[in-house]
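Undergrad: Sequence:
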Amino acid sequence: MKRFIYALGLTLACFGTAQASIDTYEFSTQAERDRYRTLVEELRCPKCQNQNIADSDAPIAMDMRNEIFKKLEEGESNEQIVEFLVDRYGDFVRYKPPVNQRTLVLWYGPAALLAFGFLMVAIIVFRRRDSQQVDAKQALTSEEQSRISDLKKLKQDT
Numbered sequence: 001m002k003r004f005i006y007a008l009g010l011t012l013a014c015f016g017t018a019q020a021s022i023d024t025y026e027f028s029t030q031a032e033r034d035r036y037r038t039l040v041e042e043l044r045c046p047k048c049q050n051q052n053i054a055d056s057d058a059p060i061a062m063d064m065r066n067e068i069f070k071k072l073e074e075g076e077s078n079e080q081i082v083e084f085l086v087d088r089y090g091d092f093v094r095y096k097p098p099v100n101q102r103t104l105v106l107w108y109g110p111a112a113l114l115a116f117g118f119l120m121v122a123i124i125v126f127r128r129r130d131s132q133q134v135d136a137k138q139a140l141t142s143e144e145q146s147r148i149s150d151l152k153k154l155k156q157d158t
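Okay, so the sequence shown: first residue is 1 according to the numbering used here, each after it adds one.
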């Protein structure tokens, strides 16, 4: 019976520490609510790395959601809100960063590394093939090589 009471107490203590942040914003129209949902789902939390700010419980994500709500209430467009957050937190908050000088490596780096890898594999294969052919020629004695050339001449004559 003591074990049951301890287990029940431990379970209740664990429930007390589990907290979730629930945003209760009042929107004037359903369109604003939809815009808010779209924005918080397409922007990334700077702390959580690969989680959008809608799903993140980090304090910075909560601040970003508050900022988006304020900007929506002020009547700003989605582009203006995203640009404000990008200016504040950097291109990282976008899941699809723009192609510019700072993000060229991000966009074209994987393709360049893949092409470099294929080039290295091709060089290794060609070098190995050439070295095997040289080894095969060196394995024959001069007498065997002259006999092979004689056989080739006989074949060409017939």
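None of these hints come from the bench; they were simulated from the model.
Computed from a prediction, not measured in an experiment: that's the story for all the values here.
C-beta: ideal position from N, C-alpha, C; glycine also.
Any given hint could turn out to be false.
Using 27 Å as the maximum straight-line C-alpha spacing, the simulated DSSO-like pairs for lysine-lysine come out as follows [stated by the list, open to error]:
1. 47 / 71
2. 2 / 47
3. 96 / 70
4. 71 / 96
5. 70 / 47
Label pairs and their in silico Cβ distance ranges [stated by the list, open to error]:
6. 110 / 30: 33 to 43 Å
7. 49 / 139: 55 to 65 Å
8. 77 / 111: 26 to 36 Å
9. 30 / 67: 31 to 41 Å
10. 120 / 48: 29 to 39 Å
Undergrad: State the violated hints by number, sorted upward, taking the hints as numbered earlier in the document.
TA: 2 and 9
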